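Chains A, B, C and D are the protein sequences, given in the same order.
Going by the numbering used here, the first sequence opens with residue 1058, and the numbers climb by one from there.
Going by the numbering used here, the second sequence opens with residue 1058, and the numbers climb by one from there.
Going by the numbering used here, the third sequence opens with residue 1058, and the numbers climb by one from there.
Going by the numbering used here, the fourth sequence opens with residue 1058, and the numbers climb by one from there.
Derived from the structure by calculation, the hints contain no laboratory data.
Computed from a predicted structure; not experimentally measured.
Each residue gets a CB set at the ideal place from its N, CA and C atoms; glycine is no exception.
Selected chain B positions facing chain C (in silico; Cβ < 10 Å): (1) Phe1084; (2) Glu1088; (3) Glu1106; (4) Tyr1127.
There are 4 protein chains.
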Amino acid sequence: MQITKTTIEVRYAETDQMGVVHHSNYFVWFELGRSHFIRDLGFQYHEMEKEGVLSPVTDIQASYKHPARYGETLTVKTWVKDYDGLRVVYGYEVINEEGMLCVIGSSTHVCVKKDSFRPISIRTHFPAWHEAYEKIKSTIK
Amino acid sequence: MQITKTTIEVRYAETDQMGVVHHSNYFVWFELGRSHFIRDLGFQYHEMEKEGVLSPVTDIQASYKHPARYGETLTVKTWVKDYDGLRVVYGYEVINEEGMLCVIGSSTHVCVKKDSFRPISIRTHFPAWHEAYEKIKSTIK
Amino acid sequence: MQITKTTIEVRYAETDQMGVVHHSNYFVWFELGRSHFIRDLGFQYHEMEKEGVLSPVTDIQASYKHPARYGETLTVKTWVKDYDGLRVVYGYEVINEEGMLCVIGSSTHVCVKKDSFRPISIRTHFPAWHEAYEKIKSTIK
Amino acid sequence: MQITKTTIEVRYAETDQMGVVHHSNYFVWFELGRSHFIRDLGFQYHEMEKEGVLSPVTDIQASYKHPARYGETLTVKTWVKDYDGLRVVYGYEVINEEGMLCVIGSSTHVCVKKDSFRPISIRTHFPAWHEAYEKIKSTIK
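Let the sequences and hints guide you as you build the complete structure.
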């Protein structure tokens, strides 16, 4: 099963007055992890956009277990949890240097036309992506 | 049942190259809605922090129904979905000017000591808040 | 001289671990102030974008005098400092509830074609905007 | 003369609907560059904060020459332009993969007590930092 690891150095601007990373930033890091996962798969998300297709989030979720802080280097693990030809569900874990789980999350994505935000089938419009995600899906037990 | 309405004017910086609001910004708006809900209840979140107590998010979730865009004025509705003396669960809806539901979400919060991030009981440490949340809870069917 | 006032309620996510507003957020507020200034002038920035023209920042500057904090309501004052048919220079002040000057700044903007980022003349392409800015300019001593 | 290079991978959330990086994000990257510069000098900014001292920005400035886009990897160059025992002035350049200058900027910082935001002398309170910055200053023409 493909798991992509992304290294994140916490930025000062990502903290809030609690003295820890503001919870909204993890979604930006998930997005970076997703970008890297796709790249590791042999694709580039911005190539999809050049063809007039976007892949917006339809659902996102995170559970916060341990706060991350400025000065820390974190690892975002990204993998695929599910795929059905229309929707991709990604899973994420953010781990700190001591190996502690900071955040666990997931996000669901569809593909839509940039002009109309009308959903399109990944299977039909991006057969190479479809094949790659089908292959990944077969490795998920 | 208390529902607090917060008006949001979409900021240019909140858009991304999809031409719509980046999904992470809704969590910042939820937070603003929560802040206003607490104020409408007769409290101030920053007063809690002055006593060395924080109220971090433990779980957050959003489902995206319709994209919001720069130039739009949105309404965030915030209410309490659940409370048990330790945890508060807030619900949110983001509605655009045409009355379309853009995003629906929820977040769960605990209270912790600022120094240690150790959870404390709202019931014990903030009896006035506890009473107000208990009263709200009684109005949730 | 036209001065547009924008009310800003400091958002929790805009603070950093210094316990004050992170300096980068003032530029987002300047942008909101600019947006309102243009609206008060009788235009809408997003209408310009619909015609395939953008108005990016070419230079921006801020001096920080007094930190703003969560729980505060601020006023952003926006005005035009200079205009030459190609470039608009805006001035900004951020004032807190006690009337203290928190930040003073300025930004310079040109108009460019969205496709190429090639500069265009405001005078030629947006004569109504040009006239309005010329009129403002005449009020600047 | 010490110049620290920081690699930045443009994040999707850092773009806006112009299709390029929103101008406020460069200040976050400058901050990361500054953090690395200090680390290369043998210090850690978060160690200063542990002693109850902050180093806020008093002035910041950027000139935008060429837009950066999602999918690009950038280099932030950070160096010291001036130091007088109280204030440090940093210079920054953001360069894209083709070697084009995207943004040039500078920022001025003082040290203040966390409790009061009252300025303190770097020379007096952080003699090792002072010595290092004096040494750097001697390499500036």
